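Novice: Residue numbers (the working numbering): 1 to 342.
Please keep in mind that the hints were generated in silico from the structure rather than gathered at the bench.
Quick caveat, the model's predicted, so the values are computed rather than measured.
Just so it is clear, CB atoms sit at the ideal spot from N, CA and C, and this is done for glycine as well.
A portion of the hints provided could be inaccurate.
[To be verified] Cut-off 20 Å, straight-line C-alpha distance, at most; resulting in silico cross-link-like pairs (EDC-like, lysine to aspartate or glutamate): (1) 297 x 180; (2) 82 x 187; (3) 82 x 126; (4) 82 x 184; (5) 82 x 119; (6) 82 x 209; (7) 297 x 209; (8) 82 x 110.
[Claimed, not checked] Simulated restraints on C-beta separations: (9) 63 x 27: 19 to 25 Å; (10) 296 x 72: 34 to 40 Å; (11) 214 x 185: 23 to 29 Å; (12) 26 x 156: 43 to 49 Å; (13) 315 x 136: 22 to 28 Å; (14) 290 x 131: 36 to 42 Å; (15) 85 x 295: 46 to 52 Å; (16) 83 x 185: 22 to 28 Å; (17) 72 x 230: 27 to 33 Å; (18) 63 x 302: 34 to 40 Å; (19) 117 x 62: 24 to 30 Å; (20) 121 x 308: 22 to 28 Å.
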Amino acid sequence: MDSPNRGDGPFVAYWRRALGLPGELDRIAAEAAVQRLAVWLGWSLARLPVEEAVPEDTSEAAEAAFRRLSLARQAATINNLKARGLRILPIKGYGSARLYDPPWKRILGDLDLLVRPAEVQALVQELGAMGFQAVPSTQGALGVTSDVSFHPMVSSDGLVSVDIHTALDAFPLSSALGTDAVFDAADTACSGLASHHAAIAALSNLAKERFGPYSVRHLLDLGRLALQETVDWPLVDRIVDAAGLGPARATALGALLRIGVPAERLPAGIDPAFRPAIRLSRALGHLHLVEPSRWTKACRELAWCYAPGTIVRLWWFRIAGLLRPRSGMPPGADTVGPERQT
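The task is simple: from the sequences and hints, build the whole structure.
Specialist: Written out as structure tokens, the structure reads:
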């Protein structure tokens with residue numbers, strides 16, 4: 001059996017460093033990694049593990065300034081909403097930024113906010129009063145199928161785009177983990193997810209993106225979380241099993257083990273020889289990251305992401321969404337925004 005500590009490929013050391021683990025990488029390999037990963041991670045995050053070896057690119061200064069501004073504006077938006085009495089919980093990129101130093105390097109795009117379903121319209125109204133307006137986004141072949149998220153609401157200057165969610169992630173996780181449980185486990189100020197829920201969110205997003213290149217940031221979040229915080233892995237596993245995310249767990253954690261995350265920071269029984277985990281670690285180690293085709297996505301759903309029963313439920317859910325399309329518009333969004341202010 002391959003050694004889980006050896007990994008595969010000449011760029012394993014890059015990923016070790018990206019997680020905060022020691023790793024030796026020569027300057028040529030470091031530069032190659034940054035050049036090839038910048039398209040997926042952005043220059044700032046791609047260069048973070050090898051800053052001492054790779055000089056700043058001319059385009060990075062502008063990107064870094066925008067990321068710092070984005071983090072500041074997102075934080076101001078959250079603080080303003082909380083001051084207005086909204087109970088919200090930042091998730092995804094903003095929620096994971098605490099795991100990076102400096103945090104702004106993790107900020108890539110939208111501000112994702114979790115809110116209880118009964119409070120969605122109140123959030124929409126407050127965002128509207130702050131000058132935000134719903135902007136329909138491009139939809140895939142299956143149209144608007146999410147049961148727990150909406151088209152973004154964008155600030156009048158376009159700098160902050162808020163994605164509203166009524167569950168930690170879409171089906172099948174939404175069927176296994178209620179929003180109240182996520183809020184109840186968060187810290188008292190509702191400023192961050194509990195570590196076990198952050199781990200589950202990363203696994204669900206990896207599965208949803210079929211471990212494509214844009215999902216790498218979620219794998220980094222998961223690995224950094226495992227190394228920096230205490231995760232209740234038995235609780236993670238109970239929810240993972242209920243959601244049918246067992247293959248995604250085995251793929252992601254097996255790959256992290258192969259890259260070098262110590263076994264004691266992961267749940268017991270992770271198999272580094274799980275074939276999708278081997279393939280993922282090799283893709284990372286050789287920087288062979290390409291957007292998967294539809295056929296590859298379908299194959300990964302079966303082998304890398306979901307339990308068989310969940311696949312059936314997932315496709316039934318998608319078909320039901322086509323038969324009864326969802327608009328994707330946040331409730332009440334048609335009555336708010338700059339164009340409707342008097």
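Novice: Take the hints in turn and mark each one as holding or not.
Specialist: Now for the hints, and whether the structure bears them out:
no.	hint	verdict
1	297 x 180	violated, 32 Å
2	82 x 187	holds, 15 Å
3	82 x 126	holds, 10 Å
4	82 x 184	holds, 17 Å
5	82 x 119	holds, 13 Å
6	82 x 209	violated, 31 Å
7	297 x 209	holds, 8 Å
8	82 x 110	holds, 18 Å
9	63 x 27: 19 to 25 Å	holds, 22 Å
10	296 x 72: 34 to 40 Å	holds, 38 Å
11	214 x 185: 23 to 29 Å	holds, 27 Å
12	26 x 156: 43 to 49 Å	holds, 48 Å
13	315 x 136: 22 to 28 Å	holds, 25 Å
14	290 x 131: 36 to 42 Å	holds, 40 Å
15	85 x 295: 46 to 52 Å	holds, 49 Å
16	83 x 185: 22 to 28 Å	holds, 24 Å
17	72 x 230: 27 to 33 Å	holds, 30 Å
18	63 x 302: 34 to 40 Å	holds, 37 Å
19	117 x 62: 24 to 30 Å	violated, 39 Å
20	121 x 308: 22 to 28 Å	violated, 38 Å
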